[in-house]
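Residue-level listing of the chains:
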Amino acid sequence: MSRHVLLIEDEQHIAEAISFILGRDGWQVTHLSDGMTAEAAMKTGRPDLVILDLMLPGRSGFEILAAIRADAELSPMPVLMLTAKGQGRERDEAERAGVDRFMAKPFSNAEMLAAVRDLAGGA
Amino acid sequence: MAFNLLVLACLAYVIFLFLVAFWVEDRAATGRTGWLRSPLVYTLSLSVYCTAWTFYGAVGYAARSGLEFLTIYLGPTLVFVGWWWILRKLVRIGRKHRITSIADLISSRYGKSNLLGVIVTLICVVAATPYIALQLQSVTLSFGAFVATGPADGPLPDSQATGVWVAGGLALFTILFGTRNLDANEQHPGVVTAIAVEAVVKLVALLAVGIFVVWGLAGGPLDVIERVNSSTIADWDLMPSRWAGLMFLSAAAVICLPRMFQVLVVENSDERHLATASWAFPLYLFAMSLFVVPIAVIGLERLPAGANPDLFVLTLPLSEGREGLAMLAFLGGFSSATSMVIVAAIALATMVSNHIVMPIVLAVLPKKAVAGDLRRIVLLARRVSIGAVLGMGYAYYALSGGSAALAAIGLISFVGAAQMLPALLGGIFWRGATRSGAALGLSVGFAVWAYTLFLPSFGEGAVIPVHVFTEGPFGLDWMRPRALFGVEGMDPLIHSAFWSLILNAGAFFLVSVLSFPGPVERVQGAAFVNIFDAEGAGPTGWSRGQAEPEALLIMAQRILGDDEALRFFSKSAEKQGKAGFLPDPTPDFIADLERRLSGSVGAATAHAMISQLAGRAAVSVEDLMAVASESAQIMEYSARLEAQQEELSRTARQLREANEKLTQLSVQKDAFLSQISHELRTPMTSIRAFSEIMMEGDMPPEMIARQARIINEEAIRLTRLLDDLLDLSVLENGTVQLNLELANLQGIIDRSLASSSHTRPERIFTIHRDLPSEGLYIRTDPDRLAQVFINLISNSRKYCDSANPELKIVVRHKGGRVTVDFIDNGSGIPKDKQALIFEKFARLTDQTRAGGAGLGLAICREIMANLGGTITYLPGQGGAAFRVTLPLRLEKPALA
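Chains X and C, in that order, are what the protein sequence lines are. 1 is the number of the first residue of the first sequence in the working numbering; add one for each residue after it. 1001 is the number of the first residue of the second sequence in the working numbering; add one for each residue after it.
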């Protein structure tokens, strides 16, 4: 069974790039342009990993992360957070909020792939 | 003789005296005093002692009481011959300490106490007022005597009116020559010389009448002696107590009477004159008394019974038809009266103004007194005092009705003046004498005198009720005015003199022994008592020279006058060996200055004034003035400080605000950088990811084409972002180059619509325009304005969420300003976001779709500011509505 990644990213081109990289490596990628339906998608899709952009329209990455961590069913879910701001402040805040990996944009494809493999576990 | 002729003679005589006084003052002013300051003039001026009372009254006295009148001459003779060393000491003290009056001397001696000055002044005024009245009375009496014996062809003189004229004329003369200036020494050479002339006139007149009587009416000296022996005068009883008492009183009076003190001490210009006067003045008195008895005897013989013996000098020649001689006698009497009144008025006015008026003026009108010229105030006080003294004399005369015999009034004054003797002699011979003693002695003596002699002189029942005379006040038998302590049968005059002087001297001595002198008093006492020993000792012993010479000079100028003060200061500086006109304020100099000032304003006042400047304890007018102006300065200074404080706090507030703004800006800058970072990194992410994928190769061509297009789009997006950023930066800095030109608004809108048509070209947009209203020529930068329009139209195309999007463009023109509204029919911008839309990176929706970096409206706002206009959001228009306002004619860039 191929592994499942939920990608929440509003930038279409970035989402297309990540989907392409992970799909080529055998990951099934579900893409959402905003985080409005993130929990529902996670509960139905049961992804092995959530890749979450920080700057999202309507609902920020932090809000979604908090919701995930507050939800007993979803809280064990590994989350890889992406941000274009890439400042130390956001990184600290994200780590305090319980993110599993924080990655600044732009990233190298290899880096992204390694992180996803690492976080989604040796399954 | 006609009354008018008499008045004319008086006027002529007075004018002559005026001329003499003027001439002397003129010479004195130019320093050519010469013989005017001779011992002779000094001696003659002492003849103010011989008043009308002596001139007329001595004859009357002799007619009534025989030789007793001689006591009045013997007393002074004894003083001048036997006690001249007392006079010398007084003169030395007076000159060294620049004493201006007897009140000044006593106040100065007892620690410059103005209280004593006031007491002495009051005693002198009270004692001298009847005396002045006496002189007025003698003049009017003599007028009357003349007219009564003459043909009744002239108007009868009204004695009251005559009194007024005489008093007024004397006041005028005294004011003219007594207060011409404030001489440092209070010396009046003009007056003194006029007095000397009058002395000659009265002596000549009396001698002439005497000679006429002895040789003209009687048969020579031998005949006269015979007549004397057979007359009633020979029967008189010698009363030793009265003789001794009267001699003592007249001796005291010659020292203590204010007018005598004035000519003897104050007007003395050379101590050596006293040596001449010590024999010449008794000689003068002898000459004055020589013919008194003959005139009295012949008068009693020849004139009808009941004729006033006080006027024999005048009526004897008149009755013999010797009008010329009578006129001379009249002028002699007139001289006696006027000389006394003039000198007494000067002396009393000096005391009153220095010890009573000036202290009050200095206390009550400090600002005025200090601000203006003090000399004027002193002179004015002096003049008013002269008027007041003469006015009182006249009032006394008018009220008493001129009833009492001349001699009686004179003796009452003598006893009053004698009250000063204990304090005066004690002060110059006994260092132990104290202010309290002097004050008490004077007060007790004055009170006893008033009670036993002065007030009863008005008549029993006039002031003191009759029963007091018989039973004593409140039934106190021993308090009867004429029988104090039960001593009865004494002559009232001697009784009063005895008790008043005994009690006065007793109180003075006892209290002096029991009380302790103050420091100034001690210094002054030593200086006065040892006046002949210590040449260098100043009157004050200013040990601390704290006064500023400038301040002293300013004060001295106010009192002495500019020139006089400057001369005095220059001379003192020269004496100290200093160049310029400001001497060091050494104790010697300050003491000198104080003496000099006390010559003008009295010792107590001068001391008070110096005290303030020399740092003594007394706080005075100028101190207060200085304090006042200083506190005004302080207030001004503190007001300035307050203003500065306010400015400081305002600056601090501004700084705080600026700091807050900077902090805010810093935060904004961080946020802005963070935003820019985000805006740059986002396209970079896509570019990097796809370029890496493409670098791996092994891709179908259609895949490569797609990914390359994405890379290209993102690169364009990056470029646009950089362009916007640069544009914004230029606009914000105000360094944008505007190309102002006249352009058709319609053309600009056409161009903008065309340029924005490729934004979401797939949408069908309906544009509503009103072309005629757009036909405006405006002066602006058309490209920049078009940039704003394009942005607005593009936004509308991007965000208008209507199914049939429409855009309405409305142009209005009013008062030199043009508004262009862009209103679409979408859902508009939510209220809570309307305030944010013009901020940088204020993207409201998904930016990918918009394709901009969120800088568009921020740029529009900056452009409009540069074009002198605005861009605002119009709420409540149904859709998104923006209003652009701009000037019709922009002559120069709005943001230079």
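FYI, nobody ran anything at the bench for these hints, they're computed from the structure. Predicted model only: the values in this text are computed from it and were never measured. Don't take every hint at face value.
The list that follows gives simulated cross-link-like pairs (lysine-lysine, BS3-like), each with its CA atoms no further than 30 Å apart [stated by the list, open to error]:
#, chain 1, residue 1, chain 2, residue 2
1, C, Lys1575, C, Lys1096
2, X, Lys85, C, Lys1661
3, C, Lys1669, X, Lys85
4, C, Lys1089, C, Lys1831
5, C, Lys1669, C, Lys1798
6, X, Lys85, C, Lys1089
7, C, Lys1833, C, Lys1798
8, C, Lys1661, C, Lys1833
9, C, Lys1892, C, Lys1814
10, C, Lys1798, X, Lys85
11, C, Lys1808, C, Lys1798
12, C, Lys1808, C, Lys1831
13, C, Lys1571, C, Lys1096
14, X, Lys85, C, Lys1833
15, C, Lys1814, C, Lys1831
Example chain X residues on the side facing chain C (calculated, C-beta under 7 Å, incomplete) [unchecked claim]:
#, residue
16, His13
17, Gly26
18, Ala84
19, Lys85
20, Gly88
21, Asn109
To be clear about the criterion: a stretch of chain C counts as covered by chain X if any three or more of its residues have a C-beta under 8 Å from a C-beta of chain X, and this derived list gives those stretches [said to hold, decoys possible]:
#, segment
22, 1114 to 1123
23, 1685 to 1698
24, 1791 to 1805
In this text, a Cβ means the ideal position worked out from N, Cα and C, and glycines have one as well.
Here is what the structure says about each hint:
1. C/Lys1575 x C/Lys1096: Status holds; Cα separation ~18 Å.
2. X/Lys85 x C/Lys1661: This hinted pair holds, its Cα atoms lying about 24 Å apart.
3. C/Lys1669 x X/Lys85: holds (14 Å)
4. C/Lys1089 x C/Lys1831: violated (111 Å)
5. C/Lys1669 x C/Lys1798: holds (28 Å)
6. X/Lys85 x C/Lys1089: Violated, at about 113 Å.
7. C/Lys1833 x C/Lys1798: holds (17 Å)
8. C/Lys1661 x C/Lys1833: Cα-Cα ~23 Å, so holds.
9. C/Lys1892 x C/Lys1814: holds (20 Å)
10. C/Lys1798 x X/Lys85: holds (26 Å)
11. C/Lys1808 x C/Lys1798: Holds, at about 15 Å.
12. C/Lys1808 x C/Lys1831: holds (21 Å)
13. C/Lys1571 x C/Lys1096: holds (17 Å)
14. X/Lys85 x C/Lys1833: holds (23 Å)
15. C/Lys1814 x C/Lys1831: Holds. C/Lys1814 to C/Lys1831 sits at ~29 Å (cutoff 30 Å).
16. His13: Hint on X/His13: holds, closest Cβ of chain C at ~4 Å, below 7 Å.
17. Gly26: Violated: closest Cβ of chain C sits about 16 Å from X/Gly26, beyond 7 Å.
18. Ala84: With a minimum Cβ separation of about 4 Å from chain C (threshold 7 Å), the hint on X/Ala84 holds.
19. Lys85: holds (5 Å)
20. Gly88: At about 11 Å, which exceeds the 7 Å cut-off, the nearest Cβ of chain C leaves the hint on X/Gly88 violated.
21. Asn109: It holds, given that the least Cβ distance between X/Asn109 and chain C is near 5 Å, below 7 Å.
22. 1114 to 1123: violated (count 0)
23. 1685 to 1698: Three-residue rule met by the segment 1685 to 1698 of chain C, so holds; n is 8.
24. 1791 to 1805: violated (count 0)
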